[in-house]
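Asks: Chains as they are written, first to last, in my numbering: chain W, 25 to 315; chain G, -13 to 353.
The set of hints was computed from the structure by calculation and includes no laboratory data. None of the values given here were measured: they were computed from a predicted structure. Don't be surprised by glycine CBs; every beta carbon is placed ideally from N, CA and C. Hints are supplied without guarantee of correctness; some may be wrong.
[Claimed, not checked] Examples of chain W residues lying across from chain G (beta carbon under 7 Å, computed):
#  : residue
1  : Ser211
2  : Glu214
3  : Ala215
4  : Gln217
5  : Ser218
6  : Met219
7  : Gly220
8  : Gly222
9  : Leu227
10 : Leu228
11 : Asn234
One letter stands for each residue in the lines below.
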Amino acid sequence: MSNVGIGNRALEVIPALEGSARDARRRPRFGANRVLSWIVFIIGVLYFLVPLYATLEFSLRTKVPFAAYNNVLFKDANFASSLLYSAAIGVVTIVVSLLIIVPTAYWVRLRLPRLRPYVEFVTLLPFVIPPLILVFGLLRAYSTGPLPLTGSELGLNVLIVAAYVVLSFPYMYRSVDSGLQAIDIRSLTEAAQSMGAGWPRILLTVIFPNIRVALLSGSFLTLAIVIGEYTIASFLVRPAFGPYLALLGRDKAFEPAAVSIISFGLTWIAMGVIALLGRGSRTRVQVAGAR
Amino acid sequence: MTYLELTNIEKRFGEAAAVTGFNLQAERGEFVSFLGPSGCGKTTTLRMIAGFEHPTSGTVAIDGHDVTYAPPNKRNVGMVFQSYALFPNMTVADNIGFGLKIRKRSKDQIRKRVGELLELINLPDKGGRYPYQLSGGQQQRVALARALAIEPSVLLLDEPLSALDAKIRVALRHEIRSIQRQLGITTVYVTHDQEEALSLSDRVVVMSEGRMEQVGTPFEIYNFPTTAFVASFVGTLNVLPGVVADAGRGDVTIAGQPIRLAHSFEGSRGREIKVALRPEMVSLGASTNGANQLTGKVTDVSFLGSIVRIRVGLDGGPTVVLDSFNEPTLKLPALEDTVTVSFPQEGPLVLDPKAPVESVEALIAEA
């Protein structure tokens, strides 16, 4: 015997009711939580601001106010040239890194999800292999043999970009992957395909614009790594910002502190640019049935 | 003439068969629904028509052209997804015009076509909005317009209404059907909602465990189910265990009480069978015109708005559910009252003995 019916939607209401009841029970403790939150916030802010203030204060101890800043910005030609060199290398690194990482992360999410742990492992290798080992490997592999790149400026620049691309893997992959996770790439890809779009168009007009903020974050992290990197640039004898900073720290007293503050300012400007570019983003995840 | 043809389609994922022995011929302009529970292979079949999956064996042909292994972007098939899949970075107008841009239509042509489609979906002033600024129902209408913009050979809809609330769902399904009729586009609609499938379709394909259970008009599917699964999945159904008394005369006993079916069936005397009976075929009270009668005790009475559902437990275990139209003069029995229920000889169906009856049992267990 049997009576067959389909579905009982009324039951779905129960978890929501339980949730609101739970919230109501928590409400009296909200004041205490708020105080605790502020304490944690203030400790966090002090943790960051106190060293920064100390550095700023030290950089201003020169007899003439802002002399250290003046020396670095206007009297030392190496500051601008090394910063520009690192910035240029950083931009090339970002482009190469994006060209490698975005299609890889996209394809792994779309078609080869089982490979994701392996790809993640590979992208984490720069955390395990020190830059020193990486640069020695590069020097050994490319000093002689079929690709002797260390004999020319161009070759060395190619090597430093290649090394930085590897160093940027963990940051770039994670940024891109989390960006892809936030959108329904499978449905978006299939929708674009059914409209007649091929892979290049899907990537350029559908995927890239929808992970713009993630790409900017990954790019900024990559730039930050490249700007401050010392070991690889030093061993490849490149006029980069990292070796310049090391040299400055060895020879001067107040200027390194001034450079730290300037770097901090540049960082904030870069973050502001990201916020500005990401403000018009339409990457809001579509939740079915929402609104 | 057949416009969309699926022949001996089989799809395997490793050892598991997702779809087997699927054959379908749809006419130009026909609205066909794939109906079945989760995991029955309906979406996989739809994805094979779209080109997102390739069949392990069998062929897919559209308008006489074999497209079995053609990539999705070369099939000219429009698809509407459950999750809308609108491009979040584009406005409504850009979303609708996306496919036309790929087809290198002029800006004027695109603007004109987008305007027409916005009118068609009743969102003429929403072209400049972004998807997140629209409600779920509006987003799905835009997704429909986007799929229609390219004038597809076949329109595929993968549970397009299941993320929407009940009222919008009903309104939108009428809109979809009306637009489909207006454009005369061959449409395949995937759903697990029987009401949707029955109300929208010219034909319904009921699927279970990767197989086609039955193909027919909504009327045929509901009134003349050929397998136990279809009978139980479509609509509410009493599945009563019976014993054959005289198959030639259509005589069966249920819980020791004799009934007669309008048609003879196959089966030797004493054989156990299952008899399907729709609740709306059963009336409360004794028969006055020689119809079948069963006697039992009322075990439950529940109001469902326009109808009242009464459960009557027969001696020996089985329960018969009957639906009565709700009206102010309706006299309802009390629990434990002994009542007689009646139904015409045309009401009961003997379920196909070759059908996978265990599917029904599983559904019964779930219910």
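Asks: For each hint, tell me whether it holds in the structure or not.
Replies: Status of each hint after checking the structure:
1. At its closest, the beta carbon of Ser211 (chain W) sits 4 Å from a beta carbon of chain G; the interface hint therefore holds under the 7 Å criterion.
2. A hinted interface residue such as Glu214 (chain W) counts as satisfied when its beta carbon comes closer than 7 Å to some beta carbon of chain G; here the least separation is about 6 Å, so the hint holds.
3. Checking Ala215 (chain W) against chain G by beta carbon gives a least distance of about 4 Å; that is within 7 Å, so the hint holds.
4. Interface hint status for Gln217 (chain W): upheld, as the beta-carbon distance to the closest one in chain G is roughly 4 Å, under 7 Å.
5. At its closest, the beta carbon of Ser218 (chain W) sits 4 Å from a beta carbon of chain G; the interface hint therefore holds under the 7 Å criterion.
6. At its closest, the beta carbon of Met219 (chain W) sits 4 Å from a beta carbon of chain G; the interface hint therefore holds under the 7 Å criterion.
7. Proximity of Gly220 (chain W) to chain G holds as hinted, the smallest CB-CB distance being about 4 Å (cut-off 7 Å).
8. Against a cut-off of 7 Å between C-beta atoms, the interface hint on Gly222 (chain W) holds, since the closest Cβ of chain G lies about 6 Å away.
9. Below 7 Å, beta-carbon pairs count as interface contacts, and Leu227 (chain W) has none with chain G, the closest being about 13 Å; its hint is therefore violated.
10. Given the 7 Å rule on beta carbons, the hint for Leu228 (chain W) is violated: about 11 Å separates it from the nearest Cβ of chain G.
11. The restraint placing Asn234 (chain W) at the interface with chain G holds, with a minimum CB-CB distance near 5 Å, inside the 7 Å limit.
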